[in-house]
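Number of protein chains: 2
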Amino acid sequence: MEAPEFKEFAKEMVDYIANYLENIRDRRVLPTVQPGYLRPLIPDEAPKTPESWQDVMADVERVVMPGVTHWHSPRFHAYFPTANSYPAIVADMLSGAIACIGFTWIASPACTELEVVMMDWLGKMLDLPADFLACSGGKGGGVIQGTASEATLVALLGAKAKTMQRVKEEHPDWDEATIVSKLVGYCSKQSHSSVERAGLLGGVKLRLLKADDKHSLRGEALEIAIKEDLAAGLIPFYVVATLGTTSSCAFDALDEIGPVGNKYNVWVHVDAAYAGSAFICPEYRYLMKGVETADSFNFNPHKWMLVNFDCSAMWLKDPGWVVDAFNVDPLYLKHDMQGSAPDYRHWQIPLGRRFRALKLWFVLRLYGVENLQAHIRRHCGFAKQFEGLCRADDRFEIFGEVSMGLVCFRLKGTNELNDALLKRINGRGKIHLVPSKINDTFFLRMAVCSRFTASSDMEFSWREVAAAADEVLAPQKIENGHK
Amino acid sequence: MEAPEFKEFAKEMVDYIANYLENIRDRRVLPTVQPGYLRPLIPDEAPKTPESWQDVMADVERVVMPGVTHWHSPRFHAYFPTANSYPAIVADMLSGAIACIGFTWIASPACTELEVVMMDWLGKMLDLPADFLACSGGKGGGVIQGTASEATLVALLGAKAKTMQRVKEEHPDWDEATIVSKLVGYCSKQSHSSVERAGLLGGVKLRLLKADDKHSLRGEALEIAIKEDLAAGLIPFYVVATLGTTSSCAFDALDEIGPVGNKYNVWVHVDAAYAGSAFICPEYRYLMKGVETADSFNFNPHKWMLVNFDCSAMWLKDPGWVVDAFNVDPLYLKHDMQGSAPDYRHWQIPLGRRFRALKLWFVLRLYGVENLQAHIRRHCGFAKQFEGLCRADDRFEIFGEVSMGLVCFRLKGTNELNDALLKRINGRGKIHLVPSKINDTFFLRMAVCSRFTASSDMEFSWREVAAAADEVLAPQKIENGHK
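Going line by line, the protein sequences match chains R and C. If you want the numbering used here, it's the 1-based position in the first sequence plus 49. If you want the numbering used here, it's the 1-based position in the second sequence plus 49.
Note that these hints are calculated values from the structure, not bench results. Treat the hints with caution; some may be incorrect.
Remember, identical chains collapse to one label, so a pair may be satisfied in a single copy or spanning two.
Claimed, not checked - For lysine to aspartate or glutamate, the following DMTMM-like pairs were computed, each having C-alpha atoms within a straight-line distance of at most 25 Å:
hint	residue 1	residue 2
1	K486	E94
2	K479	D385
3	K383	D468
4	K56	D75
5	K263	D180
6	K254	D278
7	K383	E450
8	K259	D278
9	K472	D385
10	K383	E465
11	K97	E419
12	K254	E100
13	K188	D385
14	K254	E269
15	K433	E341
16	K383	D489
Computed from a prediction, not measured in an experiment: that's the story for all the values here.
Isolated chain R (complex conformation) (with noise of 0.2 Å):
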């Protein structure tokens, strides 16, 4: 393909785009194929020469769109939201020109170096303690990870190798295999599966500590934790504080959990892949209390901040850790600059990057920190508006406090008859929500997630889920009737 052909093809793709998304609401939220569906709609093989590029745009409705759940809708309310701008859309097209493998200073000095700088614009946006920043003129910085499992990895290794060091030094009689199996790290049973993912990627025990009746993590939690696996000669090095949860947006006491942490020299990582944007809005700040006492800080403007995926903000107090962890160092990677600037791929799990600071450049810039905050709190007061709504009706309870832009609501009843609402108000295809359960209660999780959603998609929403509660509990009042 050359470049006139390419003009064409790319700005009819504009076109499809804006077009796509400006009536996102329109399309049915969750596609109704059956595993298998796509493969008999195209060849076994790849063609030997090639196609026109119409034909492929063709196939784009017929082939992919019939099998996609649009994230993007008004009526997608499951998980949490994911990111998605046209300036980060335009970003990520300059980004594939350039295409530039920022592995190291040298391999493209604009790739490091704006990271390095939007990871300080983002941080003061946040207001985090100075010594997270690079501006600061300490070790601290930021890097963009993928995912907010990579961050929450990537410090649990740099934990382990700040432990490791520290307890040779103590123990110079003990072997790795010993200190290794005696590490212990700690979570919350309500932190994100892939904290504990983590612990078996790295290969190390990790604890998932019970939370209180406000599903928070609490320190006094963790101390107890600490000194049990204290006395019973394992070495604690690291702690997840959640702020956030999946579940239903619960916030670990950052402030309780950290000076433990400090105290017992264990790494402590804050997790915050979504609340995270929050903080942006100085009225959330007090939610991450503490932060002064974390060794690491992670959240994922790809999830709540317009950023596209994949944008994963982690911050760390002490870079060496993780750096030395990973430090693997060949010939046909080093350059005369090294040391002068951050060599990322010492920081990261894959040895890989694009440059994905343009995304970030490019949102703040083109939306302003005011747009952003107003995008946060519209979000937040979608979800009061839901909480009211179902507050109303009183089949319907609110399961825990609402928070920040998720609503965690149930029937009145039985976890199987909030099974059937589930899938009845998913198999109606017109909204789509995710469940989750705490302590034998199961819930449904409604999520606001789009960028499109207006106070009349809540009302929408709000009348799925109620129409779906009549056919629920239809058949039940019957059943009761004639008992």
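Take the given structure of chain R and dock chain C to it, following the hints.
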């Protein structure tokens, strides 16, 4: 930013991209900026209110481009190529607009299913054994990873899980820490640094074995190491065979390594990150002889097959070992269709994933297999052309054999002389190369990287090398004359 503005901005960016790429030869391949160049060029903080897209666009040339190393310039000969093509850029635009997170089938069925089928298309293009392909109806299948380093780590973790289970059955009295401490993996000293790093990340020993005089790891060397380690009470579990090393594009003897691995129950992983693309041409497939013995196979279409980063293709004969090693299954990710299609989140390190199969689909259809083969053959031809120019100048020698699109060469003389040559070449700024070193011999690597490369570019690059050699050798001659 609303849709009408997006259309203007994105179409302007399309023109910018075409203009950038079509005229990339005219830019200085390696920037002259010093570390820290970018920070003074932009404000200290994100703007409160939106800027115009025209201002942002203008800053691309002012702020970004002066710091870009132009990987797609025909003057760029460093590392290995990274891919860039118009069809892939357009596909990524669509991926950015759909912006689904394909962690489960239901999260966007098209995202998973197109990937399954594209990995079959690609596997057939390489003529991989049927048991790697999903369409064979067995356990095997492919997945798109972000990078080859992740694929190496994923395979290592799968191998670890598989061996742990076997050894636990054989020795029910051994605890996990004991078993892990006995595990030992293998690769060539010539394998990529990311293999060693995978060992670090996975917390297992990895032995770097000596290659033969053609820089190829042989079966005998592996078998000797395995026997030594078994005799010492260790547990061999993993070997990486590299097809196309980074230093010199050497090929490990997979047809020898594979049978040895199979014999000793050692997981055989093939890392063909760069050279794997060449296997779409039948005449190069002899270099992957023995592939039927492998447990996993990986190459990067994002290197040499015109699919933009990130697109690292990995096939597993039995993904179960990886899936089970990583599987933590919370309720909010469960769905009714589980088991009937792969939930790719279990196949990889991160949880989230982009719709990357689109760019594979677009590239395969809009180039067609024949044009992709022609691209590979053209690059191999350019390497031969450069080799010829180099051999015709008796100041130079070729290091090893010219393989694929890589020429390893040096001035006859000391390492210091060749280091001076490299610095002179990069300092002149017209072309960019990186060095490597094998067995204490320092040499220069000339990789053919750009899809815009023409025969005249090879002549240009050679003239640059020769001119730099004139400069480096000139004072030496004078010095010698004075003696």
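For this session: Against the structure, test the hints numbered earlier, and report the numbers of the ones violated in rising order.
Result: 1, 5, 12, 15
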